[in-house]
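**Student:** If you want the building blocks of each chain, they are given just below.
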Amino acid sequence: MVKKNDRFRKLSMISVFIIFISFIGMSSQQKASDSVKPSERAKEKKTSVTGFDLPSPEDEAQIAYLGLREEGKFELEEISTEVLLISVFSMYCPSCQKDAPRMNQLFEAIEDDPQIKGKIKIIGIGLKNSDYEVNLFRETFDVPFPLFPDKNYSISKKLGAEQTPILIGVRFFQDAEPVVFLYSSSIVGSVPDYLAAIRDAAKIS
Amino acid sequence: MFKRKNGHSLRFIPILMCFGIFTQAVAQESPYKENIYPTAKLKPTDSVLKLKIGDPAPDFVLPSVNGETVSLSQFKGHKNVVISFVPAAWTPVCSGQWPGYNLAKFLFDKNDTVLLGITVDNIPTLYSWTRQMSVEGNGVWFSVLSDFWPHGAVAEKYTVLRSDGTSERALFVIDKKGIIRYIDVHDINERPGLEELAKALEELSAG
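Order-wise, the sequence lines are chains Y and X.
Using the working numbering, you'd call the opening residue of the first sequence number 1 and step up by one each time.
Using the working numbering, you'd call the opening residue of the second sequence number 1 and step up by one each time.
These aren't lab readings, by the way, just hints derived from the structure by calculation.
Glycine included, every Cβ here is placed at the ideal spot set by N, Cα and C.
Check the hints yourself; a few may be wrong.
[What the hints assert, rightly or not] The calculated DSSO-like cross-link candidates involving lysine-lysine, where the alpha carbons are at most 30 Å apart (straight line), are:
(1) Y:Lys-46 with X:Lys-43
(2) X:Lys-43 with Y:Lys-157
(3) Y:Lys-98 with X:Lys-199
(4) Y:Lys-46 with Y:Lys-151
(5) X:Lys-41 with X:Lys-157
(6) Y:Lys-128 with X:Lys-76
(7) Y:Lys-45 with Y:Lys-203
(8) Y:Lys-45 with X:Lys-110
(9) Y:Lys-128 with X:Lys-41
(10) X:Lys-199 with Y:Lys-73
(11) X:Lys-157 with Y:Lys-45
(12) Y:Lys-128 with X:Lys-52
(13) X:Lys-41 with Y:Lys-158
(14) X:Lys-176 with Y:Lys-43
[Stated by the list, open to error] Each pair of labels, with its calculated beta carbon distance range:
(15) Y:Asp-142 with X:Ser-71: 46 to 54 Å
(16) X:Leu-42 with Y:Arg-41: 52 to 60 Å
(17) X:Ser-73 with Y:Gln-62: 14 to 22 Å
(18) Y:Asp-113 with X:Leu-49: 53 to 61 Å
(19) Y:Asp-112 with X:Thr-159: 51 to 59 Å
(20) X:Ser-205 with Y:Glu-60: 27 to 35 Å
(21) Y:Glu-60 with X:Pro-58: 49 to 57 Å
(22) X:Glu-196 with Y:Ser-154: 15 to 23 Å
[Said to hold, decoys possible] Okay, the calculated bits of chain Y under chain X, using three or more residues with CB under 8 Å as the criterion:
(23) 88 to 94
(24) 130 to 136
Work the whole structure out from these sequences, hints included.
**Tutor:** Below, the structure is given as structure tokens:
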């Protein structure tokens, strides 16, 4: 009698333990690499990175950052970079306000790494935001990368971004069409992990 | 293996299971995003504005989310007032205004202006809504007033009550003498630009 009870208890403890472990396993935070995938969402959203232009930043340092030669308007393909991360945001969006420090950290992480500095660049598009509103966001969060207003929604529409925040990754090539390799809402996991996942997905060393 | 003494070891089981479930729950994405009611596009306006620039602003007394009672007349002689009517809580936030105004306190301070946010929702609704619209979850810096009962009475006084019981997306700027100096009854589906309000406030300050 006693033996049977012992075995039963052992079995139930083991099964509880297994259930517990599987809960932990299921609940572990989504890995950064899982969220940076060749994106069906980009196709579904019909993300396009051509056919529109943006005004050159007023700040000389930002013109230099983007590698633009002249003032006036420019297309995304004119930016001197291999990978462009486009952060579609809104001053009115609390998630974007919350994300801003991490986007800044991502920028710093790239600029601090001599291997990728100059190869990955970031811009922000203010969905339905005016110049005034974009400036307020920039000043409030000390955003170091160029931000552009999209008051009439035309740019965000082309990018397939109907809401915020959206983070789009584009790989530019010398002799081929640009490829959208990332379409997600924001940085997942730690900034270093996410950056590694981007480098991996964009296939740059 | 551990000893079993009168069921002590079995107490671990519910604790472990709770911990497992908790970590699972915590790892879920914020439930908020998927819980916003998808409002269809509405008639841009659905009321007839009967107030104009130069009219005295109707006085009112309303309860605020932080427990105070706020009247318009308490600011007369001291502060300019901006009243921001928004249609209803829990309608798409990312086209909403107040999370943006949450970044713009300097604009109001600079122009000696108080911001009052008003909706027809009740206090608990406004409390939850404004808590989650701020990054730290601690609400907005300006007073949020409930025009719930009598329902929409203040919106009606300002002639911006819509036929479905929500209010227009409207801004009223009132000077220190209690006179209306700027009105924007905006397309309810769009958001008024902050720069226009900034300009109206600067003109007020310029006298």
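**Student:** None of the hints should be skipped; say for each whether it holds.
**Tutor:** Against the structure, the hints:
1. Y:Lys-46 with X:Lys-43: holds (29 Å)
2. X:Lys-43 with Y:Lys-157: Cα-Cα ~23 Å, so holds.
3. Y:Lys-98 with X:Lys-199: At roughly 28 Å apart (the allowed maximum being 30 Å), X:Lys-199 and Y:Lys-98 satisfy the hint.
4. Y:Lys-46 with Y:Lys-151: At roughly 20 Å apart (the allowed maximum being 30 Å), Y:Lys-151 and Y:Lys-46 satisfy the hint.
5. X:Lys-41 with X:Lys-157: Roughly 26 Å separates the two Cα atoms, so the pair holds.
6. Y:Lys-128 with X:Lys-76: The hint is violated at about 35 Å.
7. Y:Lys-45 with Y:Lys-203: Between Y:Lys-45 and Y:Lys-203 the Cα gap is close to 23 Å, so the pair holds against 30 Å.
8. Y:Lys-45 with X:Lys-110: violated (42 Å)
9. Y:Lys-128 with X:Lys-41: Holds, at roughly 17 Å.
10. X:Lys-199 with Y:Lys-73: holds (28 Å)
11. X:Lys-157 with Y:Lys-45: violated (44 Å)
12. Y:Lys-128 with X:Lys-52: holds (29 Å)
13. X:Lys-41 with Y:Lys-158: holds (21 Å)
14. X:Lys-176 with Y:Lys-43: With Cα atoms ~54 Å apart, X:Lys-176 and Y:Lys-43 exceed 30 Å; violated.
15. Y:Asp-142 with X:Ser-71: 46 to 54 Å: Given a distance of about 39 Å, which is not inside 46 to 54 Å, the answer is violated.
16. X:Leu-42 with Y:Arg-41: 52 to 60 Å: At 28 Å between Cβs, range violated.
17. X:Ser-73 with Y:Gln-62: 14 to 22 Å: violated (48 Å)
18. Y:Asp-113 with X:Leu-49: 53 to 61 Å: holds (57 Å)
19. Y:Asp-112 with X:Thr-159: 51 to 59 Å: holds (57 Å)
20. X:Ser-205 with Y:Glu-60: 27 to 35 Å: About 33 Å separates the Cβ atoms of X:Ser-205 and Y:Glu-60, which means 27 to 35 Å holds.
21. Y:Glu-60 with X:Pro-58: 49 to 57 Å: holds (51 Å)
22. X:Glu-196 with Y:Ser-154: 15 to 23 Å: Distance hint for X:Glu-196, Y:Ser-154 holds at roughly 20 Å.
23. 88 to 94: holds (count 5)
24. 130 to 136: That given contact holds, which follows from 5 residues of the segment 130 to 136 of chain Y lying within Cβ reach (below 8 Å) of chain X.
When held up to the earlier numbered hints, the structure conflicts with 6, 8, 11, 14, 15, 16, 17 and fits the remainder.
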